[in-house]
Amino acid sequence: MRTFLALFLGCVFLPVCLSAQTGGRVSGAILSDETGAPIVGATVVAVQQSSNFGKVGPAIFRSTTELDGSYAIANVPSGDYLLCLYEAGDYLDPCQWGPATNATIATGTTSLDIRVRKGVRLAVRVGDAENLVAQYKKSSPDASAIPGAFIRITVTDTQGKMRTLPLTYASERLYEYSTLVPPDTDLTLNVSSSFFMLADQSDNPIGEQGYSAPLRLSIPKPPDPRIRLPFAFLDRRATVIPVKIRAAASGAP
Amino acid sequence: MSYKRCTSAAVWIAGLLAEAAAAAVILGILSTAQAAVPYPPPTTWKGVNYSPRRHTYFRMLYDWYSWDSTAGKYVHQMVDADLTRLSQNGYNLLHLYLWDQELLRSVNAAEPAGFLSAPSDPSGSPNNQWGALNDFVTKAESKGLFVALHFASGRFIHRMQGNPGGTPDQVATEFANWTEKFIRYLNSTNPHNNVLLWGLAYSIAPVPGDTTGDWSTTWKLAYKKVDDYARMYSPHPSVLGLIGTNLYMDQLRPDGQPWDGFIYPRSQGYTWNWQEAQRMAKTMRDLLTSAYGTQKDPDIYMMQLYHPNSYDLLLHLSSLSSGYVANGIPAPVAKIFVVEFATSSSLNSPPNGNNIPYYGDAQTPTTTVSGHSQWLNNTLCAYRSAGLQKYAYWSMFDPYTMWTGSPWYVTGQDLAWSGFWGLSFEPEASGDKPSWSLLSSFYLNGSINCPSPGQSNAPAVVSLTSSSNYYTVAQPVRLTWTAADVASFSLNRGHGASYSCSPEQTGQVSSDVAGSCAYTDASAFSSTGSQTVTLTGYNVWGSPQNASASVTIGLGPIVNAATDQNYTYTINAYDTIIVWGNGFSLTGGNTIQLTRAGYPDVWMYNGDGHYFWDHSHFQINASLDGRAATGQWTLYVRNGYSGTPSAAYTIMINP
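Taken in sequence, the protein lines are chains G and Y.
First residue of the first sequence: 2, per my numbering; consecutive thereafter.
First residue of the second sequence: 267, per my numbering; consecutive thereafter.
Hints were generated in silico from the structure; no laboratory data involved.
Beta carbons: idealized from backbone N, C-alpha and C, even for Gly.
Watch out, some of these pointers could steer you wrong.
[Unchecked claim] What follows is a list of derived Cβ distance ranges for each label pair:
(1) Arg-227/G x Arg-351/Y: 46 to 52 angstroms
(2) Ser-584/Y x Lys-222/G: 36 to 42 angstroms
(3) Lys-222/G x Pro-673/Y: 21 to 27 angstroms
(4) Arg-227/G x Asn-456/Y: 32 to 38 angstroms
[To be verified] Just so you have them, the derived chain G footprint on chain Y, three or more residues with Cβ under 8 angstroms:
(5) 437-451
(6) 466-473
(7) 529-543
(8) 817-830
[Stated by the list, open to error] Interface residues of chain G toward chain Y, partial, derived using beta-carbon atoms under 7 angstroms:
(9) Thr-44
(10) Ala-75
(11) Asn-76
(12) Pro-78
(13) Gly-80
(14) Arg-153
(15) Val-156
(16) Met-198
(17) Arg-229
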């Protein structure tokens, strides 16, 4: 167990590790900004900030939060770092959604608690009843290395920063693209494809320019404990936007 | 009728034909009588929640008259064949929820099926579900199968919640009048002798200890009114047309709080709140006694019994039926009807699984096909030890295509839990799971191998899955397991703490390996090649079961492709580049390096001030934002563990 933890807490990038023996230490806790509850089991990643990484790249250090949300990263070379968050359940990564947590680390210990916001999971699910994606892949050797349904799905915030939803589930005839987004925030969802003609849930065609709609999601209310509504789990996990593949696009590459 | 006085040959021949026809009718009756449901009904209810392949759940009646091109039959013909098979394999009961539209559409507004909700007349439900219901009951009766018809009304649930509001009497009356139409239709308009039970109302039960509040009062009035109708129309009141009501024995967390849907270590054993269930039973008695004027308990307690440990469940079932708690009464095993019990065999490739380990109600883990059978075996043994005699497995066929199709589009872990709990696979070609043979054998002749010396020695059911088949040296290996009837574990490799396999759950399940569905990071391998990790689960008795996962270890991550956000290889300077491959880090620290002679390297990573997503072994998204000039670049990915980059991958960046 201790050996294992050392792998996580110690240096993970060898060139920096060799010069890091006299570095500093950053520690603190990851807490919910709403309740102050500790975020347990999340991975805190300290990423070096520099204008010139040369051939080495940024130094990167990881730590997993303990039962009280605490983390500690030792032997970090002096410098400026940004702390990012992974595997924190439905909590948002401050490196992507802000506010960014900068840490200037010098010799000694830098204490830094991070309060993180809860997000809402947005999922766009693409139904492919005719299995057209598989047919396309068979006919296009270039496409075989690319998983997913060849559909561009993005959310854009009011500052114009666009994020492409990653593929999070793929099987024949059904694909999911999902991400966490901040609640009560104005976003624009865009869905389009150069390869397929799409339709919405009601079979209304989505034109070649794609589907674009404002989006503002809220954290769902907890269920009524007096009832055990069947399938309640299905809408607990994400806000789902269904999209259907209708046909191959006429001008598909 | 006598034909001896007929004088003409024609009339005589006609008489012979008529006699032959009459004989045929008699033979038909005899034939039907041989398959007819017995009276009185058996005390052992050998049931299943039934709906045919590809027309599962609420779709069976909606699709009843449609053609199934895969089977080459109408849906009702598929049902007919299935019911014959069930009857021949010892089954004697079909449990069927009668869903109203309001319930289904409260979860998915586009769901077309379901009976018209109260106060509308359900006989006018779309696709003649009303006629299909009678056909279904008729077919079951002709095969010697009883039915337990269980009302699942969103309208009633919502009115109980005050939407729209009403007095308890108004709410109960509207609901009971809706149920009356079903009861009259299937007992009087079509006088069936096989409606064994009416399930009162899915998800509704009185509040323990409360005999005067609106919630409990509505339940009381609804029970009495529905029972009055059932008795009015039943061909054999108090024997057929019994009333069942939900009795909830909820699982508790190790700290004694109500289970919140997440994974916890077994600690000293999984616990269910049998005390609260007994108090609920006592409250039901108090409510019904006041309604009937004489001591009265529900005819049947309907329970959903999912579990991650059959030994623990057995202990709590025994407490429920014979323990003592203040303000509670035991629930006799003879009155308990398990209307749902199941797990899902998700750990197969599509269409017979989705290879995702997960869990569901009461922390029940999904498993492999063989684990599915063992879980069922363990559960049946626990029921037998507890003395339970009434049960309906959930369910006959995997409902995979219904959930993955429009309008549900269920994916990932949700599909892992809800898509594969059938006794038989969804594709005909895949046939039955071992669970089918197990349950059929048990129903036909009571044959089952139960553990010796007792349920504590029920074989552990374990699976082990790696989140990727490829890792780099120095990269921890993410392993997820599922486990039922497991009291402790060991992993043949160093590892970190264990965490729930639920992505929403933040928290450590245990500092060691624990939980019915959880993951850990096994310590990294330092040498390349194929490696195997083995998990051993020990049951309460200490008997082991192994599960293994194999991975390939390489020096650096693998890049298979790099596209723009449109999934084309034409990447523009301000596009998001999507790198597809394997061996990336799940926990961040991945970097993308773009190199080109004469240009400074471009480094992209989370925290560089641009969009960068790298929560996957297989995909990294990064906004270029004009950082790389037009031209040909060489791309490398590092995962922050091995230090070795991926092989060079060439991309062309366009203006």
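Cross-check of the supplied hints:
A C-beta distance of roughly 40 angstroms is found between Arg-227/G and Arg-351/Y, which places it outside the suggested range of 46 to 52 angstroms. Our hint of 36 to 42 angstroms for Ser-584/Y and Lys-222/G holds, since their Cβ atoms are close to 38 angstroms apart. Between Lys-222/G and Pro-673/Y, the C-beta spacing of about 23 angstroms keeps the proposed range 21 to 27 angstroms intact. Here the CB-CB span from Arg-227/G to Asn-456/Y is close to 35 angstroms, well matched to the stated 32 to 38 angstroms.
Remark: the stretch 437-451 of chain Y is not confirmed as covered by chain G, as 0 of its residues place a Cβ nearer than 8 angstroms to a Cβ of that chain, below the required three. Taking a C-beta to C-beta cut-off of 8 angstroms, the stretch 466-473 of chain Y contributes 4 residues in contact with chain G, enough for the three needed, and the coverage statement holds. A stretch counts as covered by a chain when three or more of its residues have a beta carbon under 8 angstroms from one of that chain; for the stretch 529-543 of chain Y and chain G the count is 0, and the coverage is violated. Coverage of the stretch 817-830 of chain Y by chain G holds [criterion: at least 3 residues with CB-CB distance below 8 angstroms; count 3].
Checking Thr-44/G against chain Y: minimum C-beta separation of about 4 angstroms stays under 7 angstroms; hint holds. For the restraint placing Ala-75/G at the interface with chain Y, the shortest Cβ-Cβ distance is roughly 17 angstroms, beyond the 7 angstroms limit, so the hint is violated. Of the supplied interface hints, the one on Asn-76/G is violated, with its beta-carbon coming no nearer than about 16 angstroms to a beta-carbon of chain Y, more than 7 angstroms. The beta carbon of Pro-78/G is not positioned within 7 angstroms of any beta carbon in chain Y (closest approach about 15 angstroms), and the interface hint is therefore violated.
The beta carbon of Gly-80/G is not positioned within 7 angstroms of any beta carbon in chain Y (closest approach about 13 angstroms), and the interface hint is therefore violated. Residue-level restraint check for Arg-153/G holds (minimum Cβ-Cβ distance to chain Y is 5 angstroms; threshold 7 angstroms). With 7 angstroms as the threshold, the beta carbon of Val-156/G stays out of range of chain Y, its nearest partner Cβ sitting at about 10 angstroms, so the hint is violated. Because the closest C-beta pair between Met-198/G and chain Y is about 15 angstroms apart, greater than 7 angstroms, the hint is violated.
This hint holds: Arg-229/G has a C-beta 4 angstroms from the nearest C-beta of chain Y, less than the 7 angstroms allowed.
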